[in-house]
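Engineer: Based on the provided sequences and hints, a complete structural model is requested.
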Amino acid sequence: KAGVTQTPRYLIKTRGQQVTLSCSPISGHRSVSWYQQTPGQGLQFLFEYFSETQRNKGNFPGRFSGRQFSNSRSEMNVSTLELGDSALYLCASSALPSGADNEQFFGPGTRLTVL
Amino acid sequence: KNQVEQSPQSLIILEGKNCTLQCNYTVSPFSNLRWYKQDTGRGPVSLTIMTFSENTKSNGRYTATLDADTKQSSLHITASQLSDSASYICVVSAMGGSYIPTFGRGTSLIVHP
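These protein sequences, in sequence, are chains A and B. Heads up: the first sequence runs through residues 1 to 115, numbered per the working numbering. Heads up: the second sequence runs through residues 1 to 113, numbered per the working numbering.
To be clear, the hints were calculated from the coordinates, so they are not data collected in a lab. Be aware that a few hints might be false.
Claimed, not checked - Here are some of the chain B residues that sit facing chain A, going by a computed Cβ distance under 8 Å: (1) 42; (2) 43; (3) 44; (4) 46; (5) 49; (6) 89; (7) 99; (8) 101; (9) 103; (10) 105; (11) 106; (12) 110.
Glycine included, each C-beta is placed from N, C-alpha and C at the ideal position.
Structural biologist: Written as C-alpha cells, this is what we have:
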C-alpha cells in the first residue's frame with residue numbers, strides 16, 4: 001500500500017506570493033491533517049479535514065487555508081507569504097477522524113522557503 | 001495553556017547502550033500521548049500511543065511509560081542502534097470535541113558506533 005505523498009517536495013517563493021501544497025493520503029484514509037514544522041516553534045497543528053469537512057483548526061492566521069476533495073486528497077494554501085512561513089509542511093492521514101488511538105501516518109513533507 | 005516539555009534537548013550515546021527520554025505535560029483534560037521518531041528530512045513515524053488507562057506500551061526496543069498522576073511520560077530505548085539516531089517527539093492531546101495536539105520540541109538522539 002502506498003504511503004502518504006506530498007507534492008511538491010521543495011518550493012521557493014517570494015514574500016507576498018501565494019502557494020498551494022498537495023497531499024494524497026493512504027488509500028482508504030479519509031482524514032488528513034496538516035502541520036507546520038520550524039526550528040523555532042517545532043511542530044504545530046494547522047487543521048484537519050475529514051470527508052471534505054474541516055474538523056479542527058489550530059492557531060494560525062486566516063492566510064492559511066485548506067480543503068479536501070471527494071477522493072480524500074487535500075490541498076493547503078498560504079496567501080501573502082511572509083518570511084516566517086518558511087517551514088516544513090507535513091500532512092498526515094488516518095482512517096478515522098483523529099482521536100484517542102487512531103494512528104496517523106505522515107508524509108515526507110514539503111519544504112517551503114520564502115525569500 | 002497546554003504545554004509539553006521534553007528533556008534532554010539532545011543526547012549522545014554509544015551504540016548498544018540504553019537511554020531514557022522524558023516528557024512532562026500540562027495538557028488537560030488528558031486524552032492520549034504519542035511518541036514519534038523523526039529521521040532527518042522525513043516525516044514522523046509513530047512509535048507508541050497511550051491513553052489514560054495505559055501506563056506501559058512497547059514497540060520492539062522502544063518502551064513508553066505514562067504516569068497520568070504526575071503528568072510524565074518516558075521513552076526507553078534498549079540496546080541502541082545507529083539507526084536510532086533521530087529526533088523523538090512527544091505529542092499530547094486533550095479530550096473533547098476538538099482534537100488539537102500539543103507537541104514537544106523533541107529530543108535529538110545521536111548514537112555513535
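Engineer: Against this structure, judge whether each hint is valid.
Structural biologist: Checked hints:
1. Given hint, residue 42/B at the interface with chain A, holds; its Cβ is 6 Å from that chain's nearest Cβ, closer than 8 Å.
2. Interface restraint check: residue 43/B against chain A, minimum CB-CB distance 3 Å, threshold 8 Å, status holds.
3. Proximity of residue 44/B to chain A holds as hinted, the smallest CB-CB distance being about 5 Å (cut-off 8 Å).
4. Interface hint status for residue 46/B: upheld, as the beta-carbon distance to the closest one in chain A is roughly 5 Å, under 8 Å.
5. Hint status for residue 49/B relative to chain A: holds, with the closest Cβ pair at about 5 Å, below 8 Å.
6. Residue-level restraint check for residue 89/B holds (minimum Cβ-Cβ distance to chain A is 7 Å; threshold 8 Å).
7. Hint status for residue 99/B: holds, given a least beta-carbon distance of 4 Å to chain A, under 8 Å.
8. Nearest Cβ of chain A to the Cβ of residue 101/B: about 6 Å, under the 8 Å cut. The hint holds.
9. At about 4 Å, the closest approach between the beta carbon of residue 103/B and any beta carbon in chain A falls short of 8 Å, and the interface hint on this residue holds.
10. Restraint check, residue 105/B versus chain A: the minimum CB separation of about 5 Å is within 8 Å; hint holds.
11. Because the closest C-beta pair between residue 106/B and chain A is about 6 Å apart, less than 8 Å, the hint holds.
12. Using the Cβ-Cβ criterion of 8 Å, the hint placing residue 110/B at the interface with chain A is not satisfied: the shortest such distance is roughly 17 Å.
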